[in-house]
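Enquirer: For reference, the chains in residue letters:
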Amino acid sequence: MIPALVLFGYAIAAAWCLPPLLTLLTRRGVSPRLGLAAWLMAMASALAAAAAGLQSSLRTVAADWPTLTAALCRSVAGTACTPEVYRSAFYSAGVAALAAVSTAVAVVALWRYGRRVHRARRQTSAHADAAHITGRVLPGTGAVVLDDPRPAAYCVAGHPAAIVVTSGALAVLDQPQLAAVLAHERAHLAHRHHLLAMLTGGLAAAFPGVPLFARGAAEVARLTEMAADDAAARGSGRPTVVAALLALATGTVIPAAALGIGLSAAAHAVPARVDRLLHPPRPAVSAAFALALALVVTVLAIAPPAFVTMS
Amino acid sequence: MRGFGELEAVIMHRVWDHDGPVTVRDLFDELRGERSIAYTTVMSTMDNLHRKGWLDRERDGKAYRYTAVANREEYSARLMREALAEAGDTEAVLSHFVAQMDGEQSQVLRAVLDKLTGRRPS
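First to last, the protein sequences are chains S and X.
Here the first sequence stands for residues 1 to 311, where the numbers follow this note's numbering.
Here the second sequence stands for residues 312 to 433, where the numbers follow this note's numbering.
Careful: at least some of the hints might be erroneous.
Claimed, not checked - Covered stretches of chain S, going by a simulated chain X footprint (3 or more residues, C-beta under 8 Å): (1) 92-105; (2) 182-196; (3) 208-217; (4) 291-305.
As the list claims (entries may be wrong) - Every beta carbon over 12 Å from chain S, so not counted as near; a handful from chain X, in silico: (5) 332; (6) 367; (7) 374.
In case anyone wonders, no lab produced these hints; they're calculated from the structure.
Cβ atoms here follow ideal geometry from the backbone N, Cα and C, with glycine treated the same way.
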């Protein structure tokens, strides 16, 4: 068995089979940080195995090249065409083809990744600059206001980074809700979630159609939202974060008194992000999810080097 | 004061507030009443804004007369188009507090909220 095949097999299996499992474990955002670690480790694990497989196949090609060419020459010349020579030549030719295809895939993927990340960085910092120049400063917050009736709030990395709130958002948020929104955005910037978004976005562009990267990018984005929600909830309280979410989502003013009464009863109708703030999991459930995720992360970290040493 | 970037914003807002073209001297005279600032700082900032595509300029004798390439509302609209992904081709990485919901999702939410707050569905 060629080591390269084992490593590529693992990478492919990880890229197609891990997303459903990881989605199951991280969907509810029981532990956003461990969830992020699991998705990123899965990506790293698959990429490391594929890279090791590429290296291994190239090494085999380099070692077999003289025998392969000699065997081809002799078979064309019609002498010494024993079955052993044929078999060995077919084997070497197969490895060479595998190496060639995977090298091509790697080159294209690297090029796509680089192009995507380069563009994203340029456009992101241009957006931040333009927001700083165009927006009004919201006193005492470091955020800038853009005049637009549609409620929206977002942050964008740059030098310096910008937190943008529309006038439409200010119209539907009360002071505590605004503070929660700003805390959420500051948490994104402080934890450098934009770097994760660029990395996973680049990988999704590098390997289009591969579930681990396509779905992974979306799930990583969801988990960073949940992590930022938790940071905001620590300062503002969960109900305020929920109220701010609903206010911006619907463009409606949410009076503080509306929460608490029946919103949790109606929670089945609201998105998962709101649901988890309204119904935090019991400690035992959290611990079980955390344990499962920690186990997954460990296995994913160990697998590629284990395959390399085994073969 | 946030350094150079903040001055760019201040100067753009001044240019937008003027109806016609402005010179470095005009803005320097306005600004030095409010902060300690050197003429050359205003000049290099405006030069930068020109280089970055925010200001147009044309020579008038020894000085340049600057005008904004687009007004503030146009820039604001452009940013919002990019932010709300209407442009389609944007790859800027923005973290929204709330992702855009489709019509159905936001209707469901609105119905829930109307029930809770005792409002009639609109």
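Enquirer: Look at each hint and say if it fits the structure.
Expert: Here is how each hint holds up against the structure:
no., hint, verdict
1, 92-105, "violated (count 0)"
2, 182-196, "holds (count 5)"
3, 208-217, "violated (count 0)"
4, 291-305, "violated (count 0)"
5, 332, "19 Å, holds"
6, 367, "15 Å, holds"
7, 374, "23 Å, holds"
The structure fails hints 1, 3 and 4 (numbered hints given earlier, in ascending order).
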